[in-house]
Amino acid sequence: MRRTMRAGALASAAALVVLAGCSTDEISDSGDDGGNQDTEWFVQADFDRQNEQRDATFQGDESEPWLQYLEGDMTDTSEFASEGPKKVCFANASISNPWRQTGWITMQQQLQVLQEQGVISEMETRDAQDSDDTQIADIDYFINEGNCDAFVISPNSTAAMTPAVERACETGKPVVIFDRGVETDCPTTFIHPIGGYAWGIDTANFLVDNLEEGDRVIALRILPGVDVLETRWAAAEKIFEENGIEAEDHFTDADPTKIKQIVTDAINQGQVDGIWMDAGDGAVAAIEAFEDAGVDYPVMTGEDEMSFLRKWEETGLTGLAPVYSNFQWRTPLLAVQKIFAGEEIPTEWVLPQSPITEDDRGEYLAANEGMPDGHYAKFGGEDLPGFPQAWQDR
Amino acid sequence: MSTQVTLPRYEGSLGRRLALALRTPGGAVFVLAAVLLVAIVVSNPNFADPGSLIRFAGRTAPIAIAAMGQYYVIVSGEFDLSMAAVIAAQVVLAGNFIGQDEARILPGLVVMFAVGALIGLINGLATTILKVPSFIVTLGMMLALTGLVRYVTGGAATGNPSDAFRDIGRGGIEGVPVVGILPFSLLILLVLAALAVWLMRRPFGRSIVAVGDNAEAARYAGTAVWWLKTRAFIISSLSATVAGILLVGYAGVHPSVGSGYEFAAITAVVIGGVVLGGGRGWVLSAAAGAFALELLFLLLTSLGVPSTWRSTVQGVIIIVAVALAGRSWRATRRPRRRGGVAPSTPPPPPSPPRAQRQETSDA
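Protein chains in written order, with UniProt numbering: chain L, 1 to 394; chain A, 1 to 363.
FYI, nobody ran anything at the bench for these hints, they're computed from the structure.
Even for Gly, the Cβ is constructed at its ideal location relative to N, Cα and C.
Do not rely on the hints blindly, as some may be mistaken.
[Stated by the list, open to error] Pair by pair, the computed Cβ-Cβ distance ranges are:
| # | chain 1 | residue 1 | chain 2 | residue 2 | range |
| --- | --- | --- | --- | --- | --- |
| 1 | A | Val316 | L | Pro385 | 32 to 42 Å |
| 2 | A | Ala103 | L | Gly294 | 28 to 38 Å |
| 3 | L | Gly270 | A | Val31 | 24 to 34 Å |
| 4 | L | Ser63 | A | Ile173 | 48 to 58 Å |
| 5 | L | Tyr297 | A | Val31 | 38 to 48 Å |
| 6 | L | Arg310 | A | Val35 | 38 to 48 Å |
| 7 | L | Arg310 | A | Ile129 | 24 to 34 Å |
| 8 | A | Ile173 | L | Gly386 | 42 to 52 Å |
| 9 | L | Glu62 | A | Leu187 | 35 to 45 Å |
| 10 | A | Val316 | L | Glu183 | 29 to 39 Å |
| 11 | L | Thr39 | A | Ala48 | 53 to 63 Å |
| 12 | L | Glu382 | A | Val35 | 58 to 68 Å |
[Unchecked claim] To list a few chain L residues with every Cβ distance to chain A over 10 Å, as calculated:
| # | residue |
| --- | --- |
| 13 | Asp46 |
| 14 | Gly60 |
| 15 | Glu116 |
| 16 | Glu248 |
| 17 | Gln261 |
| 18 | Ile262 |
| 19 | Ala266 |
| 20 | Leu334 |
| 21 | Gln337 |
| 22 | Phe387 |
Take the sequences, apply the hints, and build the full model.
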């Protein structure tokens with residue numbers, strides 16, 4: 001089942017690459033460098049690369065996906081090799097959504113392990129609460145007064161954080177970036193799952209495979225302007241267009257009230273065949289809109305958040321849970337461990353990112369039984385101390 | 001005529017009074033809502049389905065209820081900016097306190113209303129006794145509550161409360177002919193609207209409009225201004241609490257539930273022709289303003305206005321609507337001034353200007 005779907009996905013992706021190659025008028029507002037179809041949020045080369053990475057073979061042990069990586073340039077860290085526990089300074093963008101909250105718990109449990117091993121003495125954390133300004137101040141504080149041995153940064157936004165990250169690099173200490181990127185290659189390593197295009201390709205292909213040409217899809221997007229979300233939509237929108245799926249996008253702020261109203265209005269306007277989401281937060285409200293209107297469930301893509309997995313199983317709708325690998329929150333501290341051991345690490349550390357299908361949904365539901373609705377199935381902390389209690393009490 | 005001691009309760013026939021009422025902003029909002037409804041049905045006949053109309057009315061109920069609560073504060077000459085934060089706090093409280101335990105539904109409701117009343121009391125006393133402008137008091141309350149909700153939730157959703165509790169906002173009486181379902185939220189709105197109309201005919205209602213029009217005069221007339229305004233704030237917070245209960249049922253728990261409600265409620269009140277600064281406007285017009293606002297949003301959706309543009313279109317239309325409402329109040333006001341004491345164009349029966357006029361003529 002999974003194999004055939006993959007094959008289908010690959011075929012349609014291949015078809016669209018060909019299509020993209022020969023059409024020139026597709027994205028008319030592509031800007032001033034005519035002939036180039038790239039827009040601010042759509043870069044064909046990135047799309048193609050992530051599309052390939054979806055089927056690539058990752059190095060390392062499959063049972064520890066947070067340590068797996070794609071073959072590529074490696075950073076030599078022998079200059080950092082040194083004995084004794086180290087102080088890590090972590091500039092976090094925020095913990096204002098359930099995905100980040102889950103990852104933050106996993107990170108703290110991973111920290112505990114490394115502290116017991118004598119690798120890390122302490123981790124000082126500053127939460128920027130979704131503000132660029134605060135995070136710049138946080139990073140500068142760490143540089144000047146933090147007495148840090150290593151920096152871990154989860155950037156709030158790409159462009160704004162670049163100068164601050166460069167300042168951190170100038171200290172000569174290791175700098176580990178994860179989740180969202182920055183526009184400089186000075187960090188020791190940049191850790192992230194495959195990316196937004198891969199998410200968009202997985203989800204849009206799934207909807208295309210399960211819908212007919214001319215079917216209507218409602219795309220629910222949290223907010224504009226965040227690269228990891230924009231690329232998800234950019235890739236999906238492209239595939240929808242090329243396969244004759246009529247997709248309308250709406251911004252929801254992840255507010256379930258808005259989600260339910262948008263979906264209800266869409267149902268009233270005419271049949272809705274599919275729901276696409278750029279993040280699963282609020283998926284249940286979207287499904288409830290179909291229940292309350294008394295119409296058939298849509299084909300739907302959510303996320304590996306427990307609330308969606310549970311509702312998906314309960315309703316039996318045709319769905320897919322794309323994954324923006326939450327286990328990446330373990331990797332930065334393990335990278336710090338490798339850096340101080342002088343082991344070489346990937347310069348761009350691309351982690352696996354594969355969706356949960358109906359076939360493996362049961363397995364993930366069982367493995368995460370008792371976890372709250374805002375928990376993410378692929379959190380990857382089952383072997384850490386405090387499991388499952390630490391993730392249940394939040 | 002000029003020697004008459006008491007003014008007649010109504011002037012002219014019912015039809016004539018209705019026609020005149022529709023020319024005031026408070027009445028025109030009903031026409032506006034009707035026009036928008038027709039436009040929506042024309043743009044997409046599927047919306048004419050009674051089932052979807054009644055569901056639309058059901059989901060607009062929380063905003064209409066919030067708008068009626070906000071009306072009391074605005075007509076008394078103040079603002080309540082804390083409404084959205086109260087809703088978010090109540091939604092999170094419902095999720096955390098009630099959870100999946102159905103035995104805690106009733107205690108949960110009691111706690112929520114107590115918290116709501118307390119917030120209103122603090123807003124009211126700080127405004128009236130401490131003499132802090134309500135704009136600042138409720139802004140402070142908004143920040144305090146938002147911070148509290150962030151602290152408790154970390155900014156992300158907790159679990160939904162039990163389905164039995166959520167049924168208040170999500171369910172309804174099923175098997176009703178024609179419409180299919182009669183949402184509980186709509187019934188609650190109708191009961192609260194009746195209650196609000198009754199309250200506006202009581203001394204409390206008459207005095208609160210008088211206080212909004214001229215607090216000094218009302219004080220000389222023996223009104224306890226501080227307690228009147230404080231009660232208005234309590235009503236506002238309680239209505240936000242009811243809206244929160246309905247919203248957590250409608251959609252579920254999320255710290256962003258209710259965001260923008262203070263804006264929506266104030267806009268609805270203003271579109272309903274209630275004058276900012278107080279002293280003028282009808283409570284049901286505030287509820288109608290909420291419906292007009294939501295119908296406008298629905299029309300934009302129905303016309304397929306792109307999501308990136310929608311906020312801009314909303315903003316412009318709201319400014320225009322409020323500007324027109326303001327002009328039309330001034331237009332209806334001038335001739336009356338020239339006409340002397342006996343009004344030739346009285347607003348609808350329970351209308352505040354009449355109430356205030358009676359009081360001043362009694363004094």
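Here is what the structure says about each hint:
no., hint, verdict
1, A:Val316 / L:Pro385: 32 to 42 Å, "violated, 56 Å"
2, A:Ala103 / L:Gly294: 28 to 38 Å, "holds, 31 Å"
3, L:Gly270 / A:Val31: 24 to 34 Å, "holds, 29 Å"
4, L:Ser63 / A:Ile173: 48 to 58 Å, "holds, 54 Å"
5, L:Tyr297 / A:Val31: 38 to 48 Å, "holds, 40 Å"
6, L:Arg310 / A:Val35: 38 to 48 Å, "holds, 44 Å"
7, L:Arg310 / A:Ile129: 24 to 34 Å, "violated, 50 Å"
8, A:Ile173 / L:Gly386: 42 to 52 Å, "holds, 48 Å"
9, L:Glu62 / A:Leu187: 35 to 45 Å, "violated, 56 Å"
10, A:Val316 / L:Glu183: 29 to 39 Å, "holds, 36 Å"
11, L:Thr39 / A:Ala48: 53 to 63 Å, "violated, 39 Å"
12, L:Glu382 / A:Val35: 58 to 68 Å, "holds, 59 Å"
13, Asp46, "holds, 23 Å"
14, Gly60, "holds, 31 Å"
15, Glu116, "holds, 26 Å"
16, Glu248, "violated, 8 Å"
17, Gln261, "violated, 6 Å"
18, Ile262, "violated, 8 Å"
19, Ala266, "violated, 8 Å"
20, Leu334, "holds, 25 Å"
21, Gln337, "holds, 27 Å"
22, Phe387, "holds, 20 Å"
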